[in-house]
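Make a model of the complete structure from these sequences and hints.
Residue numbers (my numbering), protein chains in the order written: chain R, 6 to 104; chain Y, 319 to 532; chain V, 1470 to 2140.
It should be emphasised that the hints constitute simulated quantities derived from the structure, not laboratory data.
One should not assume that every hint holds.
Computed far set for chain Y versus chain R, every beta-carbon distance over 10 Å [stated by the list, open to error]: (1) Ser-353; (2) Ala-421; (3) Gly-453.
Taking beta-carbon pairs under 8 Å as the criterion, some of the chain Y residues facing chain R (in silico) [as the list claims (entries may be wrong)]: (4) Val-348; (5) Phe-471; (6) Ala-478.
Even for Gly, the Cβ is constructed at its ideal location relative to N, Cα and C.
Residue-level listing of the chains:
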Amino acid sequence: MSIGWYLAVSAIVFALGAVGVMTRRNPLVVLLCLELMLNGANLALIAFSRMWGNGDGQILAIVVMTVAACEVTVGLGMIVALYRRKLPIDVDELRELQG
Amino acid sequence: MSAFLFFVAAIGAISGAVGVVMLRNPFYSVLALVSHLVSLAVLFLLLRAEFVAAVQVVVYAGAVMVLYVFVVAYVGGEGDTIGERLHGAANGSSGAALRLGGAVLAGALLVELLIALLGTGLEAVGRYGAGYAPGPHAYGTPAYIGKLLLTRFLLAFEVASFLLLIAAVGAVVLARRRGGLDEDAGEEARITPLDLLRPKHTGTTAEGVGRRAL
Amino acid sequence: MSTTAWAWLVLAFPLAGTLVSAFGYKRLPRRSSGWIGTGAIFLAFLCAVATLISLQGHTPEHRQIVSSLWDYAKTAGIDAQMSILVDPLSVFMILVVTGTSTLIHLYSISYMEGDQGFCRYFSYLNFFVFSMLLLVLAGNFLLLIAGWAFVGAASYLLISFWYRRTTATKAGIKAFVINVVGDVGLVLGTYFIFKHSGSLDLLRTFHAADAGTLGHSGNGDLVAGCVLLLVGAFAKSAQIPLHTWLPDAMEGPTPVSSLIHAATMVTAGVYLIARMHPLFQLAPAAQDVGAIAGATTLFVAGTIGLAQTDIKRVIAYSTMSQIGYMIMGVSIGAYAAGLFHLMTHAFFKALLFMAAGSIIGAMGGEQSLQKMGGFKRALPFTYAAFVIGGLALSGVPPFSGFFSKDEILLVTGEQGGWHWVLYVVGYAGAFLTAIYTFRMIFRAFHGEPVAEARELEAGHLHHAEHPTNPATGEVEDTDVGFPGPHHTTAERAMPMKVAMGILAVGAVGAGLLQIPKTDFVVDDFLAPTFKDAAAYEPHTRNGLLWFGLALGTVIALGGIALAYRIWVQRPAIAETARARFRPLYELFVNKWYFDELIDALVVRPFAAAGSFARDVFERRVIDETIVGGTTGVVRAGSAAVRAVQSGFVRYYAALLILGVAGVGFYFLLQS
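Given below as structure tokens:
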């Protein structure tokens, strides 16, 4: 399969992740969709790395995965803290930055 | 054969993604993501990135998703159907128009990307870089990745490990129980996560304009 | 020491006196401020005498000396320096000013004794003298204007000296506003002259005028400039139509009236016209304006003086009238005569005011002639002073007023043409002067002694039960800002007696300086200043002279006799005259309705404009439209922008995706 197919899959996954980020209300699921987008980007990276034949893309994909892991950790920690303070677990309700 | 595998994996990935977005129960979303991740690992394998595929399964699907599962089990939460979400749920959620608009925007993005892709005539992306040459240091093997990590991308490697450390510490600090604070205190004692990061004697903008603190 | 060094010292001493009194009033013992002030002016007087002696040491061609301390501003087209001009005219003026000021300061030490503002008074008085000296010594237009303005400010400070009295503060404001109108005229006039001369320096301007480079005679700009200078002169010298402030200025303490409104400030206008004579000679129209205004004033003031009942206001109107003589004199070219009259007038007018202060002290603050009478036995010294001053004022020989007034009228008559009208008006005014002056004296001192006089004869000075404002009769306090509880008469206070005595000698003897056909001290002294004056012919008077002298004597004595008949022998005549000539009487008593006229023509329109500006323009246009509009626009704009920060994370994410899509679109279009 030519690289183009992989890139198409990557684009679709990325867009789906974006739709999910925009539409879901549960912050957990929003984070999940964020993961989707990251994975889509990863796929594109690996595909291009394969195309050019050097390992830069793969290294970057590993780094992206690391970053994703960190971000998930922190995000889930915040959600747990939210839950502990009995605040609504709903992105629409958390509007402190308004104004 | 590889084409067949590609399509299987691709369909698995996309359906997993769709499942994440559409499924109501967050737990199901997590499971859908896990399947998506595994499909993606297969795609990576097809792209001669063995190490990355292994890392994907072990770290991402193995560790990160397990963490997710735990948190979902703890927090839980109901989701809405996609129809409710797009047109505003019964509990008067604001920003319904935003959701629809956001979805449209994401669709626009997709269209753009596809146009970009197809517009090139798939020629620029039609090559294969590395031939198949098995060996211990071939493209995509762990040895290859390791060599790159420790020579050319040493700084990135070190920074990434530092980042992991920070994230771990941060997560612990964020989620720990504050001493002396009752969990079922009244409304007045409710503080947001931002309260923890805020210095004493400062307030939120919302409080400033007269709205009660959340 | 050089002449100019003495002249600078003349300026320095009063300034030093002001500052010492002003800043040291807490440390110095109270009465010392009076002696410091008097001493400073006395030293200035001595320096003035030294300047005179030193100046006379030069040859007549070199008696106009300019001395400059430093350059104030020297840019393209303007040369402003701190320079003084020492010449016979300025030395004459500083001698008159410092001489009379010393005596008035001396008088004030007793007069203002019980006042809580004693130190403030002497500080202001010294400041006034300094300003007046600056005015007359100024060597360029800049310092002249500065001195002019300072004098106006000092006048305001001193008129409203008893600042807790509303009448006094209103009078001070009135004086200051009218003086400012004059200041504007002066500055604009300076501009018109400067436009052609290119220099602010007085001597340079005059040389240009004489040489003809300033423009031909009757040049429009010059006439305009001189007329504007006249506006300034009229405001300062209380000539019609800018005279309404002078009677109200009697709200100030009597020594202030004596100094400012008799001897010095009101003569500034006369000095200005005399100083600017080269310019006036190039603008005959302006000279005519001055002469007519002077003549009008002297007549109108005389008629008003006939009907006034406040003793100080009678003297004030007589000042206005006499200044009218001086203005008329210097406008038609009788410079030496006009200035000689300035000097003699300073003596006898200051004397009259001081005597008025004495009798007001005897009355316990009351100033109305209707309440006075028969003080002849109780206040002999004051009576003598009044009589001497009155005789000098009326122009009875051999008192000084006779010689000076008649000299002015003589020059007027000699010029012929339409100046005969001025001649006749001048003698008519002299008749009126004699009448109202002696009306005042007879009413106050002759007749049955009033209660206060009898008290005084018994040796006890009358004190009013409650101190009252003499103008309105309202009861007031004796605290700071009001006159103190102490008042005295000349008979009881030696400083007052000494001052009045010296002035009386001057009033009697100053005429000796310029006896016609015999000696020409003033003429000769002032000759170097006026060497380019057209009508300055000091030694050629004849024919009209004897006629004038005789007429003057007859008119003065006739006026006194008429006053005696009416107010001593048959007071009923005054009543019947008042009844028969009711409209005329009303006109005189209401001061020819000038106050009402100015109120209707000037004050009301300005007040209306001010109300309009405040209510309509300020509120509607500025506050609501401009300021409110701007803030409204900003507020609306920021409200619109604020909507971006909705707090929804989703919204921000949408913006992000929109941005990415946009960028991608852009790159898509590029390729």
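Are any of the numbered hints broken by this structure? If so, which, sorted upward? Checked against the structure, the only hint that fails is number 2, while the rest are satisfied.
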